[in-house]
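If you read the sequences in order, they're chains A and B. Read left to right, the first sequence gives residues 1 to 364 (my numbering). Read left to right, the second sequence gives residues 1 to 596 (my numbering).
Any given hint could be a false lead.
With a cut-off of at most 20 angstroms between alpha-carbon atoms, the simulated SDA-like pairs for lysine to any residue come out as follows [said to hold, decoys possible]: (1) B:K17 <-> A:F313; (2) B:K17 <-> A:A42; (3) A:K294 <-> B:E256; (4) A:K244 <-> B:Q19; (5) B:K69 <-> B:A12; (6) A:K294 <-> B:E162; (7) B:K45 <-> A:K294; (8) B:K74 <-> B:D285; (9) B:K136 <-> B:K119; (10) B:K17 <-> A:Y127; (11) A:K243 <-> B:A221.
Have a look at the derived ranges for each label pair, beta carbon to beta carbon [as the list claims (entries may be wrong)]: (12) A:G17 <-> B:D43: 29 to 37 angstroms; (13) B:A53 <-> A:I11: 47 to 55 angstroms; (14) B:I75 <-> A:Y242: 26 to 34 angstroms; (15) B:K20 <-> A:I11: 26 to 34 angstroms; (16) A:G17 <-> B:I30: 20 to 28 angstroms; (17) A:L87 <-> B:E219: 19 to 27 angstroms; (18) A:K244 <-> B:K46: 14 to 22 angstroms; (19) A:K244 <-> B:E183: 54 to 62 angstroms; (20) B:I30 <-> A:L43: 31 to 39 angstroms; (21) A:G145 <-> B:R100: 39 to 47 angstroms; (22) A:W196 <-> B:A157: 31 to 39 angstroms.
The hints are simulated quantities; they were obtained by calculation from the structure and are not laboratory data. A virtual CB, placed ideally from N, CA and C, is assigned to each residue, including glycine.
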Amino acid sequence: MMIDRNQLRNIDWILIGLLIINSVIGLAFIHSSSHYLPGNHALKQLVWLFVALFALFLFLSMNYRILMTYSLYFYGVAVFVLAGVLLFGRLTAGTKSWIVLPFFQIQPSEITKIAVILVLAHLFSEYRRDSLSIGHGVLGFLIVGVPVLLVGLQPDLGTALTYIPILLAIFFMVGLRRKTVIILLVLALLSGILGWNVMLKDYQKDRITTLLSPNKDPLGSGYQTIQSKIAIGSGGFLGKGYKKGTQSQLRFLPARHTDFIFSVIGEESGFIGAIVTFLFYFLFLVRLFQSVTKSRDRAGVLIIYMVGGMIAFQFFVNVFMTLGLFPIAGITLPLISYGGSSLLTNFLAVSLVINVRMRRFVNV
Amino acid sequence: MKKEKTIYEDLAPLHAKAQKTFFAVGIVFIVLLFSLWKIQVLDHKKYWRQSEANRIREIILSPQRGLIKDRNGKILATNIASFQVSIIRENCRDIEESLRKISRLLDLELVVLRERIDKYKFLPEFQPIVIKDDMKLDEVSRVKARQAEFPELIIRAEPKREYPFETLAAHVIGYLQEISPEEISQSQGERRSGDLVGKTGIERQYENMLVGREGRVLEIADSLGRRMGEISREESMPGQDISLTLDFGLQSKAEELLEGREGAVVVLNPKTGEILALASFPTFDPNKFISRFSPEEWQNLLQDPEFPLENRAIRGLYAPGSIFKLTIATGALDSQIINQWNSYYCSGSTRIYGHPFSCWFKGGHGSMNLTNGIKNSCNIYFYQVGKSMGIEEIARYARILGLGARTGIDLPGEKEGLVPDSDWKKRVRNEPWYPGETISVAIGQGPLQVTPLQIAVQTALIANRGNRVFPFLLMDNESDRTEAAKVEIRESVFDTIITGMWKSVNEEGTGRASKIQGFDVCGKTGSTQVVSTATAEKLGTKEKIVKTHSWFTGFAPRVDPEIVVTVLVEYGGMGGATAAPVARELFSLYKENDDR
Chain A
1 MMIDRNQLRN IDWILIGLLI INSVIGLAFI HSSSHYLPGN HALKQLVWLF VALFALFLFL
61 SMNYRILMTY SLYFYGVAVF VLAGVLLFGR LTAGTKSWIV LPFFQIQPSE ITKIAVILVL
121 AHLFSEYRRD SLSIGHGVLG FLIVGVPVLL VGLQPDLGTA LTYIPILLAI FFMVGLRRKT
181 VIILLVLALL SGILGWNVML KDYQKDRITT LLSPNKDPLG SGYQTIQSKI AIGSGGFLGK
241 GYKKGTQSQL RFLPARHTDF IFSVIGEESG FIGAIVTFLF YFLFLVRLFQ SVTKSRDRAG
301 VLIIYMVGGM IAFQFFVNVF MTLGLFPIAG ITLPLISYGG SSLLTNFLAV SLVINVRMRR
361 FVNV
Chain B
1 MKKEKTIYED LAPLHAKAQK TFFAVGIVFI VLLFSLWKIQ VLDHKKYWRQ SEANRIREII
61 LSPQRGLIKD RNGKILATNI ASFQVSIIRE NCRDIEESLR KISRLLDLEL VVLRERIDKY
121 KFLPEFQPIV IKDDMKLDEV SRVKARQAEF PELIIRAEPK REYPFETLAA HVIGYLQEIS
181 PEEISQSQGE RRSGDLVGKT GIERQYENML VGREGRVLEI ADSLGRRMGE ISREESMPGQ
241 DISLTLDFGL QSKAEELLEG REGAVVVLNP KTGEILALAS FPTFDPNKFI SRFSPEEWQN
301 LLQDPEFPLE NRAIRGLYAP GSIFKLTIAT GALDSQIINQ WNSYYCSGST RIYGHPFSCW
361 FKGGHGSMNL TNGIKNSCNI YFYQVGKSMG IEEIARYARI LGLGARTGID LPGEKEGLVP
421 DSDWKKRVRN EPWYPGETIS VAIGQGPLQV TPLQIAVQTA LIANRGNRVF PFLLMDNESD
481 RTEAAKVEIR ESVFDTIITG MWKSVNEEGT GRASKIQGFD VCGKTGSTQV VSTATAEKLG
541 TKEKIVKTHS WFTGFAPRVD PEIVVTVLVE YGGMGGATAA PVARELFSLY KENDDR
């Protein structure tokens with residue numbers, strides 16, 4: 001169980017460094033966009049950062065292959081907790097997403113992703129066919145579908161949506177026949193229609209229609225998109241200066257320290273700042289995806305690929321949302337947005353990647 | 001062996017897929033960069049403007065309008081605190097929905113509210129439109145409490161004009177009304193919708209002095225409209241206070257005396273031209289117009305058959321009647337057509353140019369010289385004098401004495417009246433002047449038209465023995481004033497006229513009702529017969545009714561005169577009976593104050 005010296009040498013310190021850099025960028029702008037709010041958000045996030053780092057190293061000490069063998073138990077507990085939250089949870093901000101503990105609260109819908117990734121890696125680790133079979137396809141669908149349904153019912157559509165890239169990542173890696181692609185597209189279409197008519201609330205439908213013409217209803221659902229674009233656009237090349245963004249400081253921008261933190265970065269640090277942020281994020285993703293070649297087994301590749309897909313997907317959806325190119329879906333910017341559970345989850349996910357990488361020379 | 005296989009499993013196909021995916025990620029990054037470049041660099045200006053507009057709010061600080069005081073510092077127009085609420089259409093989610101909610105919040109009729117917005121729809125969306133003013137405190141707090149829900153509403157404190165004596169000197173002071181869309185466009189950005197401006201009287205005449213300068217605060221507001229700080233502040237400059245020449249006591253007395261009648265009173269200082277009182281009746285309460293929303297009362301006043309909004313003292317056109325005999329007498333004496341000893345015999349009637357003319361005193365006055373002709377207001381005497389003078393001479397002297405032209409008083413809308421002559425008749429009616437017409441002009445009838453103020457100014461000229469004064473209301477305004485000027489008429493002429501006027505009052509003449517012990521009042525009455533269709537309509541009859549306007553004009557004391565009083569009462573009957581007693585009261589009040 002313990003890490004030997006050899007493994008310690010193989011810990012990817014560069015990836016950890018990039019992970020921390022991105023989190024610190026987040027911390028800085030969480031502070032800028034919430035210092036005038038009650039409750040010290042930046043400090044809380046800093047505490048979470050240390051907790052996440054600690055969890056990251058703790059996780060490294062356990063071989064991912066062993067974690068995988070226990071993954072079904074993790075998954076079972078996670079689904080149980082999600083169902084429990086749904087049944088017994090208290091409504092916070094209109095959703096039952098939280099387990100409220102003394103001093104902090106936690107979002108099980110985030111942590112569950114780790115279990116899902118491990119279960120899927122486990123399921124497909126010994127799968128050798130060059131394309132997805134119906135049996136495995138349905139199984140994968142169910143593994144992701146159950147928590148998505150439970151999270152969607154909270155209702156937290158944004159987080160539910162972040163499970164989708166995990167499933168797509170594993171399917172893509174396993175290989176899809178044309179027939180399967182068509183079946184999946186039909187399924188997606190059907191669930192889309194069903195979702196639009198049954199699951200989506202009016203305000204969510206509004207958000208999608210608003211994307212097409214945000215100025216139609218500038219103070220309604222188009223408001224957030226417009227204010228976000230104004231924030232980013234008015235930042236210009238050099239930005240308005242740290243803590244000097246009027247859109248953010250005067251609260252024209254909604255969800256400043258969570259969903260729209262990139263708008264704050266764009267406004268206060270301008271094109272230059274946004275580029276720098278992108279650069280560090282890009283380097284982080286490069287390093288992450290590069291780790292694929294350092295895996296000694298199939299399961300490791302799958303884990304790294306799912307983690308990379310999950311984070312990249314969230315990153316792009318969030319940034320496109322702030323630029324008004326994607327509907328407002330309640331998806332945060334991984335590592336940068338405020339939110340302890342999300343930070344912890346992403347650190348654990350990256351921890352799995354490092355785990356795979358550092359154990360590439362070792363036999364079990 | 002199995003382990004070996006696991007370790008050295010060929011993962012190349014998986015790596016290739018990961019590679020592809022990562023390539024895609026790179027492309028999306030490039031797309032992101034371009035989107036960011038577009039929004040932050042190419043469209044930067046547009047978004048910058050929008051973010052500035054988001055946060056910067058301009059607050060207008062209304063200036064205190066200058067006070068209007070009487071000659072002794074009594075305040076006739078002041079300001080009190082008041083609140084108004086305006087709508088900024090730009091901040092409405094949906095204007096119709098918004099109006100519905102506001103109509104409930106402020107208890108305003110939706111139709112009225114919509115009309116209001118329609119009236120100013122040409123203004124840019126960000127400019128506030130006043131929708132309610134003169135608000136009660138509980139209404140103000142109701143709006144404030146729900147400010148977050150109504151970001152489109154703003155409340156402004158504004159000083160509100162108040163006239164503490166209500167109807168007093170209403171015609172002189174004038175009133176404020178909301179600026180019209182035309183006036184806004186003429187003001188070249190100086191004025192904005194909802195501003196109240198002087199529409200008549202002193203309020204209009206001295207608008208530029210009274211109005212002061214708006215202050216302006218640029219402040220930072222957050223998304224809920226809460227004030228977060230201030231960028232710049234320019235305080236408002238209060239308007240200049242104005243002192244009028246009016247005397248509160250005389251003005252109130254004049255109005256009290258006119259109460260219930262239609263007419264006008266002018267009291268002025270013949271030495272300077274200062275107007276001490278200028279009253280017109282019926283009158284109105286200018287406080288009622290200050291609200292931007294009093295359409296009913298406004299309409300009522302406009303449609304009132306007695307025209308309470310008209311300032312009869314400067315805009316009422318009347319035949320001068322026997323008052324004009326002073327004009328004729330001055331002209332005839334100066335041009336030496338008669339002298340003070342010439343006399344005519346009045347038998348009560350006479351024939352001139354083959355037409356019968358009669359004196360108002362059917363029994364006849366007997367032999368009349370000039371002073372007695374004035375004293376008794378003998379028509380026969382003045383028919384003869386007028387006939388000898390001819391219309392051109394009459395018109396010339398009437399103009400020298402200030403008739404047929406504006407006196408130049410500092411009030412808007414003064415009328416000039418009419419002094420007829422043959423040119424005028426040719427021009428207007430395209431007919432020659434008939435000598436018979438001169439006869440009716442000689443006793444102040446015919447096409448002659450004067451305002452009460454013109455008569456007062458003429459009286460002052462006579463009282464000054466030929467010094468013409470220019471009437472004014474604004475005290476301490478040396479620069480704009482025309483100095484008194486001598487007319488080219490011998491002083492001795494005026495002495496004779498004044499003797500006649502003195503006799504009229506003090507020797508049982510027609511003006512005897514204005515006699516005051518110890519105050520040498522000199523005066524002249526007039527009674528003009530008018531055929532008024534307006535009155536007939538008012539009384540509901542189709543026939544024309546012949547009525548008499550009652551005039552009196554005079555001054556006191558005889559030597560070194562201090563005060564001129566001119567009174568006109570419409571349909572008042574004989575001048576000696578109605579107008580002269582009114583004048584007497586004013587002379588006597590003046591004397592009382594003076595003695596004290």
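So, going through the hints one by one against the coordinates:
no.: 1; hint: B:K17 <-> A:F313; result: holds (17 angstroms)
no.: 2; hint: B:K17 <-> A:A42; result: violated (39 angstroms)
no.: 3; hint: A:K294 <-> B:E256; result: violated (108 angstroms)
no.: 4; hint: A:K244 <-> B:Q19; result: violated (41 angstroms)
no.: 5; hint: B:K69 <-> B:A12; result: violated (100 angstroms)
no.: 6; hint: A:K294 <-> B:E162; result: violated (88 angstroms)
no.: 7; hint: B:K45 <-> A:K294; result: violated (48 angstroms)
no.: 8; hint: B:K74 <-> B:D285; result: holds (18 angstroms)
no.: 9; hint: B:K136 <-> B:K119; result: violated (25 angstroms)
no.: 10; hint: B:K17 <-> A:Y127; result: holds (16 angstroms)
no.: 11; hint: A:K243 <-> B:A221; result: holds (16 angstroms)
no.: 12; hint: A:G17 <-> B:D43: 29 to 37 angstroms; result: holds (35 angstroms)
no.: 13; hint: B:A53 <-> A:I11: 47 to 55 angstroms; result: holds (52 angstroms)
no.: 14; hint: B:I75 <-> A:Y242: 26 to 34 angstroms; result: violated (56 angstroms)
no.: 15; hint: B:K20 <-> A:I11: 26 to 34 angstroms; result: holds (28 angstroms)
no.: 16; hint: A:G17 <-> B:I30: 20 to 28 angstroms; result: holds (25 angstroms)
no.: 17; hint: A:L87 <-> B:E219: 19 to 27 angstroms; result: violated (50 angstroms)
no.: 18; hint: A:K244 <-> B:K46: 14 to 22 angstroms; result: holds (20 angstroms)
no.: 19; hint: A:K244 <-> B:E183: 54 to 62 angstroms; result: violated (42 angstroms)
no.: 20; hint: B:I30 <-> A:L43: 31 to 39 angstroms; result: holds (37 angstroms)
no.: 21; hint: A:G145 <-> B:R100: 39 to 47 angstroms; result: holds (46 angstroms)
no.: 22; hint: A:W196 <-> B:A157: 31 to 39 angstroms; result: violated (51 angstroms)
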